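Q: Listed below, chain by chain, are the residues.
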Amino acid sequence: MAGMDKKNIHFVVNGDPVSALVGPEWTLLRALRDGVGLTGTKEGCGAGECGACTVLVDGTAVNSCLFPALEAEGRSVTTVEGLTQADGNLHPLQKAFIEYGAVQCGFCTPGALMSSKALLDQNPDPSAHQIKVALAGNLCRCTGYTQIVEAVQAAAAEMNGTAAAAVGNGSGAAASGAGATGAASDTALAGVTGAVDQPSHASTSGEVTA
Amino acid sequence: MNPPVITEQERAQKELAVVGKGIPKADAGVKVTGQAQYMHDLELPNMLYGKILYSDRASARIVSIDTSEAERIPGVKAVLTAYNTPEIRFGFLKDNMALKKDRVRQYRDEVAAVAATTPELAEAAIKAIVVHYEDLPAVFDPEEAMQEGAPLVHELNPKGEPNKDNRLRLPWKFSAGDVEAGEAASAFIAEGEYETGWVTHCCLGTAGCVAAFDPDDNLTMYSITQIPSLAKADFQEAMKAMGVRGKVRVVLTTLGGGFGSKLDTYAFEYIAMLLAHRTKKPVKILFDREEEFFATSPRQPTRIKIRQGCDAEGRLTFRDISMVLDNGAYTSWGATTPTVMMMPSSSLYQVENVRFRATCVYTNNTYAQAMRGYGTPQVTFAIESNLDELAEKAGIEGYEFRLKNANLPDTVTPQGFKVDSCGHVPCLEAVAERMDWAGYRAAKAARLAGDATGAGGDATLVESDTAGVPPVAQAAWTELPDKVRGIGMACLLHVGGGAKIYKSDGCGTLIKVDDLGYVDVYSGSMDMGQGLDTILRQIVAETLGLGVDRINVVIGDTDVCPWDAGAHASRSTFVAGNSALYAAQQVREQILNSAADILDTPRDGLDLTGGMVVCADDPEKTTKIEKVLRKAHFASAGNTMFMAAYFYEPPTDLLAGDFKGNYSMAYAWGCHGVEVEVDRRTGQIDIVRYIAAHDVGKAINPLLLRGQILGGGLQGIGWALAEEMIFDEGKLLNPNFRDYKMLTALDSVDVEPILVEDPAAAGPYGAKGIGEPGLVPTAPAIANAIYDAVGIRLRKLPMKPEMVLAAIMEAEGR
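The listed protein sequences correspond, in order, to chains A and B. The opening position of the first sequence corresponds to residue 3 in the working numbering, with each subsequent residue numbered one higher. The opening position of the second sequence corresponds to residue 297 in the working numbering, with each subsequent residue numbered one higher.
Next up, chain A with everything else stripped away, as it sits in the complex (with noise of 0.2 Å):
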């Protein structure tokens, strides 16, 4: 019967050592979600084809529905909670998901977050098509994915400092047509924010409330 055979396993999640007991049939996505508590990596279809559930092992992105959670013993892991940075700020890929539009239901979210995450740390500078390839892997069926691939542009360009403040606090600033595609070092994204008849976005709460 499951759960007779459950082994604890001792790894690394978000930088904190973790232990959690693990049966021999566990996915490392049950062990995050039912074994740590952490339910911000999600269950799209347990078969690894939808990507929702992407995480980084070691630096690596997988699917971690298909990952067996004993073989994350040793291992360390980043989830999406993960990402928000120690000081409580959001990491560049999460401000650019939010002020890019990259984010409708969400559910995918968590999976594209990560598999950008990985992309950028190989490539800090990727064009769209590279990005298109990161997340081919990453079904979403809310945006159409350009957002998407916008954010992660946007998101490189903060990261390596080519956009002056493209991202910004969360004011609602960023989409804003200069910043945009003065980050982009691929036309595509260009072609994207000019076209778009997409009226600036001025900063909205900042300027409203007294």
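Just to be clear, a hint being listed does not mean it is correct.
[Said to hold, decoys possible] One side only, chain A facing chain B, incomplete, derived with CB under 10 Å:
#, residue
1, Thr41
2, Cys52
3, Leu68
4, Thr81
5, Thr86
6, Asp89
7, Gln106
8, Gly108
9, Phe109
10, Lys134
11, Cys142
12, Thr145
13, Ile150
Since the hints were made in silico from the structure, they are not lab data. Quantities reported herein were computed from a predicted structural model and do not represent experimental measurements. Ideal Cβ positions, reconstructed from N, Cα and C, are used throughout, including at glycine.
Following the hints, complete the assembly by docking chain B onto the known chain A.
A: Quick look at chain B alone, frame taken from chain A:
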């Protein structure tokens, strides 16, 4: 109650502070940090896990169900069948039951259900149930199902009367003018048959619920429904059937997508209620991906016959549409999609003589329901493809043909739609301009001319196209380039101001303001990712002169939120938006009237803006809004706080009988233009360019609106080119993302939206709905472009490479 109109002029004079701005989605922060709570994340103390045993036959008599072994498994707390539970009927015609008794009619029929302490034990218990069936005749083709002598899917109707055949007795007929006279007056007529199959929503978050009863038999249903108020009524009715007296509360978790999949209640929700009531513990049912594919209801498949005609000048003379819809074994709200298909059928382009008939037919296939567009994508595929065929017959270029017949502002359509704002022509023109339509056509004509004189055999032929030239008249096909390009366009008409398919199309809003200037907005509407939460923030913030950070939108709890008809028909921004707007205007008046007393100044000189009560007459009296709020609350006498309620019911017509009337408060128009490249060797279609022009009235939030167009657009492109649920005699063969081809990031198309803002007089700040239109004209635009490229008319979706290749090879005589 009439909406207050006093602030309209004031508002018009003011520059908008937050409406019209691309403000990020209100819950994006909790979603990017993993804090959002979806159904998958909801755990209640003492909760059990429910699991359903489905039929493994398409049509059979249930001979016996043996649950004894399942009941003996430790940890299994309940094993239910139709034989030990009250009958719960549900669905649009009440022809469906939570648990099936005596016979099954489709593979997904729920035969038994269990609740256990772990999901694994529930699974084991399901596997331990033994059901004996005796197969019955089945029918899987809707046209065969209409034949005399076809096996009856339901022998009796829900009233217990015998059914004569498999046709649903639904009155989906419309006619206007005189189609025969129109046909007689036609110089050209085009006819065709078009077919669309099953596609499904593919919500990334699978469906589920948690049902929990308190000791007084009140039910809290944690749900992902798109129709909280209607679902509450459904569940309340089921309580009655169960003999349970308590009341129902529906509480939404965050939804992992909707797209119409949650416009009906499902058997699993009633089963969770039965299990929870039997065990006196909360019961969670969460679908796995395979269940999500086979046990939720897909888009209604259609077979559409269409005839259209025009006079010698290319003006439409008549349109005649008849269709058969595969209803599947039970009837959901999806069976009403023909009432919405009537809309483009009667009113897209100016055509006086129109006839529309739709027949929904029971089969032993999975039962279908609504999906983004609610039937309009299917019928628009037929109308807009056939329109290109007619234009060609008339010798008129497709764009010119459309312009000639386009809808105009301030007109009434044959169905009685009062079209005031109408961006049809501007959308057409925007696409033509962005794609340099005339230039493209001229270049093509030049290439073809060059080709004919033998001067075209150079590299300029690489992007040659051949449309309009019969294959036999072409130069040797083998001499054509492997990859050829073409352009196509298609338009859309959709409801943009609600749609009265239910007896109320309304939405209620409650607003309260605290002493610190924070505002809680309780709306009956809901959010499935589209951004209604944010739109309401913006509308209320604008009206009260506050920043969006002061506005908290509370949705998804029927105990505190007023009634709403649900998130469908692209209605929420318009209807829930108006409801919130009018409630906010009441609060605004309350605040300004109090401020006039407190500041001892005339009301007329006061305004709310930038978080201040602004006094134009005496700037020294300008003060922070929260000071006024506190002075009113903590006054020595006449203490008050500010709150308001408003129920907005669009003054539209519930269509029945002849189906004539004004269906919506605004109509949304659009035009998509696409350039494709067709590989003649493989049939592969590449989208080179995709333009989506939409008349949105007013973009309340261009960032989120763009997301609706991009997301709807790619969903539509997937529908056109790749997506297909493959059934073999009612059995779904591809219930997973490996075999169901949803487009990935790598397949994605950079859809270029163009926003046409022709304000809707009755819309909140002029807005029209935009949730569905982005998907509607995708397939015909692509089909028309493929025809333009290779002269092949594809009339069946999806236009997969193998179908394209087969058609090309046939045309080329290969």
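Q: Next step is simple, just say for each hint if it's right about the structure.
A: These are the hints, each one checked on the structure:
no. : hint   : result
1   : Thr41  : 4 Å, holds
2   : Cys52  : 5 Å, holds
3   : Leu68  : 13 Å, violated
4   : Thr81  : 7 Å, holds
5   : Thr86  : 6 Å, holds
6   : Asp89  : 14 Å, violated
7   : Gln106 : 4 Å, holds
8   : Gly108 : 3 Å, holds
9   : Phe109 : 3 Å, holds
10  : Lys134 : 4 Å, holds
11  : Cys142 : 7 Å, holds
12  : Thr145 : 5 Å, holds
13  : Ile150 : 7 Å, holds
In this structure, the earlier hints numbered 3, 6 are contradicted, and the remaining ones agree with it.
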